[in-house]
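Chains as they are written, first to last, in this note's numbering: chain A, 17 to 296; chain B, 17 to 296.
Not one of these hints is a red herring.
20 Å max Cα-Cα, derived SDA-like pairs, lysine to any residue:
id: 1; chain 1: A; residue 1: Lys-160; chain 2: B; residue 2: Gly-172
id: 2; chain 1: B; residue 1: Lys-119; chain 2: B; residue 2: Lys-153
id: 3; chain 1: B; residue 1: Lys-160; chain 2: A; residue 2: Gly-172
id: 4; chain 1: A; residue 1: Lys-73; chain 2: A; residue 2: Pro-100
id: 5; chain 1: B; residue 1: Lys-119; chain 2: B; residue 2: Thr-129
id: 6; chain 1: B; residue 1: Lys-73; chain 2: A; residue 2: Pro-284
id: 7; chain 1: A; residue 1: Lys-73; chain 2: B; residue 2: Phe-288
id: 8; chain 1: B; residue 1: Lys-160; chain 2: A; residue 2: Ile-179
id: 9; chain 1: A; residue 1: Lys-85; chain 2: A; residue 2: Val-108
id: 10; chain 1: B; residue 1: Lys-160; chain 2: A; residue 2: Glu-266
id: 11; chain 1: B; residue 1: Lys-160; chain 2: A; residue 2: Pro-167
id: 12; chain 1: B; residue 1: Lys-73; chain 2: A; residue 2: Glu-285
id: 13; chain 1: B; residue 1: Lys-73; chain 2: A; residue 2: Ser-283
id: 14; chain 1: B; residue 1: Lys-160; chain 2: B; residue 2: Ala-214
id: 15; chain 1: A; residue 1: Lys-73; chain 2: B; residue 2: Ser-283
id: 16; chain 1: A; residue 1: Lys-149; chain 2: A; residue 2: Lys-160
id: 17; chain 1: B; residue 1: Lys-160; chain 2: B; residue 2: Glu-136
id: 18; chain 1: A; residue 1: Lys-160; chain 2: B; residue 2: Glu-266
id: 19; chain 1: A; residue 1: Lys-119; chain 2: A; residue 2: Glu-103
id: 20; chain 1: B; residue 1: Lys-73; chain 2: A; residue 2: Phe-287
id: 21; chain 1: A; residue 1: Lys-73; chain 2: B; residue 2: Glu-285
id: 22; chain 1: A; residue 1: Lys-73; chain 2: B; residue 2: Phe-287
id: 23; chain 1: B; residue 1: Lys-160; chain 2: A; residue 2: Asp-177
id: 24; chain 1: A; residue 1: Lys-160; chain 2: B; residue 2: Pro-167
id: 25; chain 1: A; residue 1: Lys-73; chain 2: B; residue 2: Pro-284
id: 26; chain 1: A; residue 1: Lys-160; chain 2: B; residue 2: Asp-177
id: 27; chain 1: A; residue 1: Lys-160; chain 2: B; residue 2: Glu-171
id: 28; chain 1: A; residue 1: Lys-73; chain 2: A; residue 2: Pro-284
id: 29; chain 1: B; residue 1: Lys-160; chain 2: B; residue 2: Arg-146
id: 30; chain 1: A; residue 1: Lys-73; chain 2: A; residue 2: Gln-286
id: 31; chain 1: B; residue 1: Lys-160; chain 2: A; residue 2: Glu-171
id: 32; chain 1: A; residue 1: Lys-160; chain 2: B; residue 2: Ile-179
id: 33; chain 1: A; residue 1: Lys-160; chain 2: A; residue 2: Arg-145
id: 34; chain 1: B; residue 1: Lys-73; chain 2: A; residue 2: Phe-288
In silico contact screen, one side only, chain A against chain B (beta carbon under 7 Å); selected entries:
id: 35; residue: Arg-57
id: 36; residue: Ala-182
id: 37; residue: Asp-259
Cβ pair distances, simulated, as ranges:
id: 38; chain 1: A; residue 1: Lys-153; chain 2: B; residue 2: Gln-262; range: 26 to 36 Å
id: 39; chain 1: B; residue 1: Glu-266; chain 2: A; residue 2: Lys-73; range: 26 to 36 Å
id: 40; chain 1: B; residue 1: Phe-288; chain 2: A; residue 2: Asp-21; range: 36 to 46 Å
These are calculated hints, taken from the structure and not from any lab test. The C-beta atom is built at its ideal place from N, Cα and C for all residues, glycine as well.
2 protein chains.
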Amino acid sequence: MPGDDRCIAVFDSGIGGLTVVRELQRRLPNEEIVYFGDTARVPYGIKSGETVTRFAKENCDFLLRFDPKLIVVACNTASAAALPALEDSLPVPVCGVVEPGAKAAVLQAQGHTIAVIATEGTINSDAYRRAMKRFDKDVRVVQKPCPLFVPLAEEGRRCDDPITRAVARDYLDPIVRLDPRVLVLGCTHYPLLRQAIAEVTGDAITLLDSGEQTAKAVVHRLKQSDSLSARDNSGRLHCYVSDNPQRFRELGQRFLEQPVVDVTWISPEQFFAHDPKVVV
Amino acid sequence: MPGDDRCIAVFDSGIGGLTVVRELQRRLPNEEIVYFGDTARVPYGIKSGETVTRFAKENCDFLLRFDPKLIVVACNTASAAALPALEDSLPVPVCGVVEPGAKAAVLQAQGHTIAVIATEGTINSDAYRRAMKRFDKDVRVVQKPCPLFVPLAEEGRRCDDPITRAVARDYLDPIVRLDPRVLVLGCTHYPLLRQAIAEVTGDAITLLDSGEQTAKAVVHRLKQSDSLSARDNSGRLHCYVSDNPQRFRELGQRFLEQPVVDVTWISPEQFFAHDPKVVV
Chain A
17 MPGDDRCIAV FDSGIGGLTV VRELQRRLPN EEIVYFGDTA RVPYGIKSGE TVTRFAKENC
77 DFLLRFDPKL IVVACNTASA AALPALEDSL PVPVCGVVEP GAKAAVLQAQ GHTIAVIATE
137 GTINSDAYRR AMKRFDKDVR VVQKPCPLFV PLAEEGRRCD DPITRAVARD YLDPIVRLDP
197 RVLVLGCTHY PLLRQAIAEV TGDAITLLDS GEQTAKAVVH RLKQSDSLSA RDNSGRLHCY
257 VSDNPQRFRE LGQRFLEQPV VDVTWISPEQ FFAHDPKVVV
Chain B
17 MPGDDRCIAV FDSGIGGLTV VRELQRRLPN EEIVYFGDTA RVPYGIKSGE TVTRFAKENC
77 DFLLRFDPKL IVVACNTASA AALPALEDSL PVPVCGVVEP GAKAAVLQAQ GHTIAVIATE
137 GTINSDAYRR AMKRFDKDVR VVQKPCPLFV PLAEEGRRCD DPITRAVARD YLDPIVRLDP
197 RVLVLGCTHY PLLRQAIAEV TGDAITLLDS GEQTAKAVVH RLKQSDSLSA RDNSGRLHCY
257 VSDNPQRFRE LGQRFLEQPV VDVTWISPEQ FFAHDPKVVV
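Chain A with its partners taken away, still in its complex shape:
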């Protein structure tokens, strides 16, 4: 097997995509990963589809300088808004988080109602429902934005914090009453609040992390195209951010579940440079 030792590139609006990286690293420990967090323009969830698409294209232009074999759009909002545009314009394969999450949800729901929680932007785009309809045209989907979950996770509130629990009940009680079989965590921050969410939804509702499903899809795709790395040593994770590397390092550990060591700030001049040699 020749393999492909080029990196996997991942971008997110900020720090949340590290939960997707964590799932990738569990499955593909030898792969080199280059991550870009757009911390100067985070969050994407309250922004328009047009603006998020522009940001996503710029992020991919930046990541192409690292000659990746695949780009993972780890941000649900960017996947929802920009994936078709990225697939059309990029010279490498692109994998978003919405489609893998939607597919797994349809399979597990077996005809029962599916609930999706995500940012305002992801919900307004209706991308999850549209993706689910491609797998089951009669699917019943209920969707709800949960804007407080991201700042709760970033503030470091634990799942047993009274505020976290109260917010989870407030958002999810009305969803539970609709009796879904599956609840999709449609934002990369939400896995950090998984226990608080599960406490409200109970055992009868399966929680499904789109990031985890995406990692599985990436493994499948690389295997199919014979593009897994042939290296037998551990792949490294290189993080680049458009702002505040210190905050990224501090908060990142909870998302990656290990220290985030290699974080480099990219200035606007570097980010928007047309000369690819400016970085790398």
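Chain B: place on chain A using the hints.
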């Protein structure tokens, strides 16, 4: 009195600065106001001082096209990070929200402890404490970031909402125990949560809205320089945003306390254009 009919320009990271505009309009109903909300890059409160300063300069470059007589930095984070840089580089007077809030707090505290609540960025900059020390070198200041207050206000949670009340208690109970005489609302979103905050702080602590103090400072400054408008009809409010005008209109009403009618989206090409005729 000749007067000066040029507009007052105001910018904020997003929508919160409309609470400052509201206070300006109450006192100066005849003034024309041009507002820029940087909704494509909002929020500023979790970003570095360097990045916020760059954004603030770009916002002012945009506003200068409207030939303002004064620029109000309605964003606490931007005032904290960028005011000296803006004062050095701009050809018109600039008024931030930190200094007026700090000055009023020192006057009202009469030597007692002052508490400041604001975004992470404003607190980390220590700008309020530094400004207060210029008015009283022995001032005692306690500061606390309250990151959930902005999304609570934007989500439209009322002050009697159980989540709002629980978060207010969680943030403010430890502050109340330090027995401050004055609590500065150091973020333009916080006046929307004023009642919930007051419920925790009680009658012995004076709540001080930096935006309101800034409006007073602007009136004083324009009077002193004989630059109030000589018009006797109502001044209009023109809003420009870098993203999502619809969301700005919808949420804006609660911040301005009246409908936000005139909102124009500015594309990146318009925003960064060097030709000032591109807008206006």
